[in-house]
Amino acid sequence: MSATWKELSDNIATLVQEAGPHVVRVEARRRLPATGVIYAADGLIVTSNHVVERDDELQIGLPDGSATAATLVGRDAQTDVAVLRANASGLSPAAWLSPDELRVGHIVVALGRPGQTVQATLGIVSALGNPWRTPSGGQVERYLQTDVAMYPGFSGGPLLTAGGSFAGINTSALLRGISLTVPAPTLGRVVEALLAHGRMPRGYLGIGIQPVRLSDTLQQQTGQEAGLMVMSVESGSPAADGGLLQGDILIGIGGQALHQVDDLQAQLTGERVGKPTALRLIRTGEVRDLSVTLAQAR
Amino acid sequence: MPTLLEQLNDDLSRLSAQALASLVQVHNGRRGAGAGSIWHGDGLIVTNAHVVLTRHGTVSDALSVTLQDGRELPARVLATDTDHDLAALRVQADGLPTIQIGDSRRLHPGDLVLALGYPFGVAGGATSGVVIGMGAHLPELGDARREWIAADLHLRPGHSGGPMLDSEGRLVGINTLMTGPEVGAAVPSHVVVEFLKRVLGRPAGPPPSGITVL
Numbered sequence: 001m002s003a004t005w006k007e008l009s010d011n012i013a014t015l016v017q018e019a020g021p022h023v024v025r026v027e028a029r030r031r032l033p034a035t036g037v038i039y040a041a042d043g044l045i046v047t048s049n050h051v052v053e054r055d056d057e058l059q060i061g062l063p064d065g066s067a068t069a070a071t072l073v074g075r076d077a078q079t080d081v082a083v084l085r086a087n088a089s090g091l092s093p094a095a096w097l098s099p100d101e102l103r104v105g106h107i108v109v110a111l112g113r114p115g116q117t118v119q120a121t122l123g124i125v126s127a128l129g130n131p132w133r134t135p136s137g138g139q140v141e142r143y144l145q146t147d148v149a150m151y152p153g154f155s156g157g158p159l160l161t162a163g164g165s166f167a168g169i170n171t172s173a174l175l176r177g178i179s180l181t182v183p184a185p186t187l188g189r190v191v192e193a194l195l196a197h198g199r200m201p202r203g204y205l206g207i208g209i210q211p212v213r214l215s216d217t218l219q220q221q222t223g224q225e226a227g228l229m230v231m232s233v234e235s236g237s238p239a240a241d242g243g244l245l246q247g248d249i250l251i252g253i254g255g256q257a258l259h260q261v262d263d264l265q266a267q268l269t270g271e272r273v274g275k276p277t278a279l280r281l282i283r284t285g286e287v288r289d290l291s292v293t294l295a296q297a298r
Numbered sequence: 001m002p003t004l005l006e007q008l009n010d011d012l013s014r015l016s017a018q019a020l021a022s023l024v025q026v027h028n029g030r031r032g033a034g035a036g037s038i039w040h041g042d043g044l045i046v047t048n049a050h051v052v053l054t055r056h057g058t059v060s061d062a063l064s065v066t067l068q069d070g071r072e073l074p075a076r077v078l079a080t081d082t083d084h085d086l087a088a089l090r091v092q093a094d095g096l097p098t099i100q101i102g103d104s105r106r107l108h109p110g111d112l113v114l115a116l117g118y119p120f121g122v123a124g125g126a127t128s129g130v131v132i133g134m135g136a137h138l139p140e141l142g143d144a145r146r147e148w149i150a151a152d153l154h155l156r157p158g159h160s161g162g163p164m165l166d167s168e169g170r171l172v173g174i175n176t177l178m179t180g181p182e183v184g185a186a187v188p189s190h191v192v193v194e195f196l197k198r199v200l201g202r203p204a205g206p207p208p209s210g211i212t213v214l
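These protein sequence lines map, in sequence, to chains A and B. Residue 1 is where the first sequence starts when you use the working numbering, and the numbers rise one by one after that. Residue 1 is where the second sequence starts when you use the working numbering, and the numbers rise one by one after that.
Any given hint could turn out to be false.
Said to hold, decoys possible - Below, a list of computed lysine to any residue pairs in the SDA-like style, where the Cα atoms sit at most 20 Å apart:
#1 A:Lys6 to B:Arg170
#2 A:Lys275 to A:Thr293
#3 A:Lys6 to B:Leu20
#4 A:Lys6 to B:Asp10
#5 A:Lys6 to B:Ala17
#6 A:Lys6 to B:Asp11
#7 A:Lys275 to A:Gln139
#8 B:Lys197 to B:Asp10
#9 A:Lys6 to B:Gly70
#10 A:Lys275 to A:Gly254
#11 A:Lys275 to A:Glu225
#12 A:Lys275 to A:Gly206
#13 A:Lys6 to B:Ser128
#14 A:Lys6 to B:Gln18
What the hints assert, rightly or not - Label-pair restraints from in silico Cβ distances:
#15 A:Ala3 to B:Gly135: 26 to 32 Å
#16 B:Ala136 to A:Leu175: 30 to 36 Å
#17 B:Asn9 to A:Ala297: 51 to 57 Å
#18 A:Pro21 to B:Gln18: 32 to 38 Å
#19 A:Pro21 to B:Ser13: 33 to 39 Å
#20 A:Arg176 to B:Gly135: 26 to 32 Å
#21 B:Thr3 to A:Pro21: 31 to 37 Å
Claimed, not checked - Chain B regions said to be covered by chain A (calculated; three or more residues, Cβ under 8 Å):
#22 7-13
#23 106-114
#24 135-143
By construction, these hints were calculated from the structure, which means they are not laboratory data. Cβ atoms here follow ideal geometry from the backbone N, Cα and C, with glycine treated the same way.
Chain B extracted, bound-state conformation (with noise of 0.2 Å):
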């Protein structure tokens, strides 16, 4: 009969190894690289807006994916929301593995999640914690239009884009932010959600201000 604690760990390796086979990394030809999620089986990836563009606003050229399987493919930008720093990427390819998606909506403080990423290029870093609060009103996440989920974890360069998974695996959030050694912020999973209807569900008509769909 495992213990308690040993019973956690297998609970926490399978869900890191069952998230890792949809986590990406994102190269975009500069020194380091951020991760992402693919998000549909057909391709669709989605990462941070700051992992794909440039300092001056525009795409990184030489954009590319590696997926778990080791390919590396080149991916182009859908669409990128700066307000939200979310990206939408599209590689060639079918049937990928997808990553769950989970209400970002009903997580309480105190919920643990999971973070993984590739911190300072490590493939596949993960860093646990719990969630310390949620929504636009979080200290030193200043800027009211924007939600956020806050946790105690260790996120570090090179997790940004990658998946925040609640305590069943799901995608609540993608990784953005550090604001200290200990506490990381990610845009929570309704948001993004929200984004991809807006770019990729809605192809007539104007996008709202901040995106720019390509």
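Bound conformation, chain A alone (with noise of 0.2 Å):
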């Protein structure tokens, strides 16, 4: 009758049983527990960083009903990815899918346990772009966007494919009011600095900054508001070794405007550490331009 229909009902069903043993729950702030996915045997878990509100007490839910203590290994507030190490072994890490592999339509399923049990919702894959940045600063190797329902507790949970594979973790944070999913290969990348350094190598400039409005000349000139008015400079920093001084108003980094202070911050990645980066900046009335080359955050 509707052999279909129920056909693919029993599908989507199916792949929701089969990957709940990836899946566990997150209980590391006071609300609602959270979601995450198992990354390796030994306990290695992703799961959202904005989930994660405490750096200690934290508990995994693991899919076979028990729960144990985990530690935090790092997170990364700009890609919103923390990644935890539960006290378990023998865990069912998730198999990983390239974005790369997807196309805008495919249906795909979100799964979240901020329970006992595994919940799913249904999309399709609305956006699939280029990498981009995160509003804080973050690199993200594609943009990956969903209509799945974010049900409260999902953040953190996988981004399931039709042929059972995860594709990321599921984020409500990221941008508000959208469902973005971070992708396999962010995750891979965050996963391996965080496991080597604990953190996200970020680069280290120096200076304390306050946004000022240019005047009309230097708007004219220049072709923006505001830029970045340097109110110290740290002696021996990148900024000191580069000849910025106190009063210089800074307009750019490697060809980006500056506007705000979110503009240096997202500015100041790990791959521009230890390489010579451009500055533009105003100094008494000119336009100037220097290099300076970043130092890695402490």
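Dock the two chains into a complex; use the hints.
What follows is the structure, encoded as structure tokens:
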């Protein structure tokens, strides 16, 4: 009678059931628990940074119904990824899929385990784009947006593909009101960096800054309304070595315009560390260019 | 040879047409109305208590039901259960088309469901999604004494009391509320069956608390 619709229904329910053993509950905040994915058999768990509100007394609810303590390996607020280590072994790690294998329109399932059992919502891939930077400057390998409903507690849970592998973890916090997935290649890079350093490498300049409005003449000259005034320069810092002075107004870095503090924050990425970076600034009413070599932030 | 999508479309339209025959609109004399399902051919209709009760908990005057054949019949409330937001109505009719009843306890997260009703008065408005989860411990559906089916579909005012159907077109829940624009919750069919047994199957003895037999 309605064989195809029922077959599709059974298919999705089976997908959900088979993915369940890779999905855990993450208890790391006061309100509702969230979700995580088993990354390695020795207890490594990936989840969303914003659901890990504390650094200790973390609990993981395992697929077999038991609960175990976990420690924080590290977190990257910029890509909204946190890595935990559960006190467990012999877990069943997820199989990941590159977002390059996905197409807009593909049917996908979001999974969550805020309670004992796995829950699911259905949707399609809405947008699949280029590499992008999150508003706070995190580097993400592909822009992956879906229309799955993010039910409470679903953040940190996987985006399940029709073939049963995981395309990444879903978060409702990177862009408000949009179901975004941090894709597997980004997870891999962040997990590796957090395991090695405990945090993401960040560039360091060594200046104190404050946004300022440019004069009309400078606005016409530079094509931007505001810049970042250097209020202080730490001695021995990359900024001091590069010749930055108190009173300079930074208006660009590496070809990107700087209007507010977040703009600079987003540009001080790990990839820039140790490399000469072009700065554009205003000194005594004139636009000048300098080169500085960013250090690793401590 | 139709494509898979075309087959799915055929299946879905057949399912909703089949269930539509037993769908009714419930008018309560106020603005807006709800939906209901014909449970027995002799005129037994199930809907939500909040569709037939006033804000003060009394039965709305001038309750009536519109059938798919266009007949509008006066309806009498047999029983309500405000704890589970259920109501049983009776209309004077025979041989009405009935909804097929499924077992909500056999649902799984990821199962496709289809909800019907009168969203904002639109006749037979359908919305589809999957079961997110079932039971008494779902987020935003706090009261642990009540069981729910949560699904990622778009319930709207007027869907209340209408059927939530499984992938074979059987009623597995009564559309009851939305916890957000994209999540709806239904009272599971096994709760409805228990309600009907309690209020209709045992004429003698006092009813359990929360239930008014009228």
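Verification of the hints:
1. Proposed proximity of Lys6 (chain A) and Arg170 (chain B) is supported: the alpha carbons are some 12 Å apart, at most 20 Å.
2. Between Lys275 (chain A) and Thr293 (chain A) the alpha-carbon distance is near 5 Å, which keeps this suggested pair within the 20 Å criterion.
3. For the hint pairing Lys6 (chain A) with Leu20 (chain B), the CA-to-CA distance comes to about 18 Å; that is within 20 Å, so the pair holds.
4. Pair hint Lys6 (chain A) plus Asp10 (chain B) holds up; C-alpha atoms about 12 Å apart against a cutoff of 20 Å.
5. For the proposed pair Lys6 (chain A) and Ala17 (chain B), the alpha carbon gap of about 16 Å is at most 20 Å, so the pair holds.
6. Restraint check: the Cα-Cα separation between Lys6 (chain A) and Asp11 (chain B) comes to about 9 Å, which is no more than 20 Å; the hinted pair holds.
7. Between the alpha carbons of Lys275 (chain A) and Gln139 (chain A) the distance comes to roughly 18 Å, so the proposed pair stays at or under 20 Å and holds.
8. Restraint check for Lys197 (chain B) and Asp10 (chain B): the C-alpha separation of about 36 Å exceeds 20 Å, so the hint is violated.
9. Of the pairs offered as hints, the one joining Lys6 (chain A) and Gly70 (chain B) is violated, with about 31 Å between alpha carbons and a cut-off of 20 Å exceeded.
10. Among the hinted pairs, Lys275 (chain A) with Gly254 (chain A) is consistent with the structure: their alpha-carbon atoms are about 11 Å apart, no more than 20 Å.
11. For the suggested pair Lys275 (chain A) and Glu225 (chain A), the alpha carbons sit about 29 Å apart, so the restraint of at most 20 Å is broken.
12. For the proposed pair Lys275 (chain A) and Gly206 (chain A), the alpha carbon gap of about 15 Å is at most 20 Å, so the pair holds.
13. The suggested pairing of Lys6 (chain A) with Ser128 (chain B) holds, with an alpha-carbon distance near 13 Å, which does not exceed 20 Å.
14. The straight-line distance between the Cα atoms of Lys6 (chain A) and Gln18 (chain B) is roughly 15 Å, inside the 20 Å bound, and the hint therefore holds.
15. For Ala3 (chain A) and Gly135 (chain B), the hinted distance range of 26 to 32 Å is satisfied, since their beta carbons lie about 29 Å from each other.
16. The hint said 30 to 36 Å for the Cβ distance between Ala136 (chain B) and Leu175 (chain A), and at roughly 33 Å that hint holds.
17. Separation of Asn9 (chain B) from Ala297 (chain A) is about 55 Å and conforms to the stated range, judged on CB atoms against 51 to 57 Å.
18. Judged by the Cβ atoms, the range 32 to 38 Å given for Pro21 (chain A) and Gln18 (chain B) holds: they are separated by roughly 37 Å.
19. Against the hinted window of 33 to 39 Å, the Cβ-Cβ separation of Pro21 (chain A) and Ser13 (chain B) comes to about 37 Å, which satisfies the hint.
20. Between Arg176 (chain A) and Gly135 (chain B) the Cβ separation comes to about 30 Å, which falls inside the hinted range of 26 to 32 Å.
21. The given range of 31 to 37 Å is respected by Thr3 (chain B) and Pro21 (chain A), whose C-beta atoms sit roughly 34 Å from each other.
22. Check on the segment 7-13 of chain B: 5 of its residues sit with their Cβ under 8 Å from a Cβ of chain A, so the three-residue criterion for coverage holds.
23. Counting residues of the segment 106-114 of chain B whose CB lies closer than 8 Å to any CB of chain A gives 5, so the stated coverage by that chain holds, three being the minimum.
24. For a cut-off of 8 Å, the count of residues in the segment 135-143 of chain B with a CB near a CB of chain A stands at 5, and the three-residue condition holds.
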